[in-house]
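S.K.: Go ahead and model the full structure; you've got the sequences and the hints to work with.
Going down the list, the sequences are from chains A and B. Using my numbering, read the first sequence as starting at 1 and increasing by one per residue. Using my numbering, read the second sequence as starting at 77 and increasing by one per residue.
Accuracy of the hints is not assured; some may be wrong.
[Stated by the list, open to error] Calculated lysine-lysine pairs in the DSSO-like style (CA-CA distance at most 30 Å, straight line):
#1 K112(B) to K138(B)
#2 K5(A) to K138(B)
#3 K139(B) to K154(B)
#4 K198(B) to K129(B)
#5 K5(A) to K187(B)
#6 K138(B) to K14(A)
#7 K5(A) to K198(B)
Quick caveat, the hints were computed from the structure, so don't treat them as lab data.
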Amino acid sequence: MSLPKPVMRGLLGKRLRFHLPIAFTLSLAAAIAFKYTVTEPRKQAYADFYKQYDATKEFNAMREAGIFESVRPSGE
Amino acid sequence: MFRAVFRLSATGARSLARSQQCRLAPVATRCYSHGKVESDEEFDARWVTYFSKPDIDAWELKKGMNTLIGYDLVPEAKILDSALRACRRLNDMASAIRILEAIKDKAGPHKDIYPYLIQELKPTLTELGISTPEELGMDRL
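M.R.: See below:
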C-alpha cells in the first residue's frame, strides 16, 4: 500500500494565515484588559487621593514631626 | 487617544491584508503588482535543471540546497532526486544524507511528508547506495 501524496507547499503560509490574526487579536485583548483592570483603577486611585488633599495640613503635620531642617516645629 | 489607536490599527489591518496576498504564493515571488507568478511546475523544472548540471560544483550544490530550504515548501521528489544525483557526481555521501535530514526537518509537524518522500526516493536511494538517517541510527539524539 503506497502512501498518497501529501500537501508539500505553502504550509507555513497556511499556519500564519490562521495563527497571526488570532495572535494580534489576543494581544490587543490583553492590552485592553490590562488598561481597564490596572491602569484606569490606578489613575482613579490617584485622582481620588488628591481630590481632598490639603498640602498645607500635610506640611504642618510633617513640620511638627520634626523632619525638616529649614523650619523647626512650632514649639521650639 | 482611542481614535489614534483605531486609525493605526485600521492601517495595520489593511497592510496585513495586502501582505496576505503575497503569502498565498509560497516561494521566491516578489510582491510585484506586475510580472508573472511562476507556476509550481516551472519552479520544480528550474530546480531539477539546476541540480542536473553535469559539472556542478560543491559550492553550487550547497548554495542550491540552502536556497531551496529557505522556501515555504518541502521540495518535490524529482528535485531531491536531482540533488542526490548531484551529490553522487561530487562523491558527497555526507550531503546526500544531510539532504534527507533536512527535508524531514522542513516537514515540521506534518509527519506524513517524510515517509512519502522516502517511498518516492527509494529506487534512487537503492541505486546510489544512500542510507537513510533512520537506517544509520542517526535520527535519534
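S.K.: Check whether the Cα positions of K139(B) and K154(B) lie no farther apart than 30 Å.
M.R.: Cα-Cα ~18 Å, so holds.
S.K.: Regarding the pair K5(A) and K138(B), is the alpha-carbon distance no greater than 30 Å?
M.R.: 27 Å, holds
S.K.: Can the restraint linking K138(B) and K14(A) be considered satisfied, given a maximum Cα separation of 30 Å?
M.R.: 28 Å, holds
S.K.: Verify the proposed pairing of K112(B) with K138(B), using a straight-line Cα cut of 30 Å.
M.R.: 28 Å, holds
S.K.: Can you confirm whether the C-alpha distance between K198(B) and K129(B) stays at or below 30 Å?
M.R.: Within the cut-off at roughly 22 Å; holds.
S.K.: Between K5(A) and K198(B), is the straight-line Cα distance small enough, at 30 Å or below?
M.R.: Distance ~15 Å between K5(A) and K198(B) Cα, so the pair holds.
S.K.: For K5(A) and K187(B), compute the direct alpha-carbon distance and say whether it is at most 30 Å.
M.R.: Given pair K5(A), K187(B) holds - Cα atoms ~12 Å apart, limit 30 Å.
Figure legend: structure checked against the earlier numbered hints; every hint is met.
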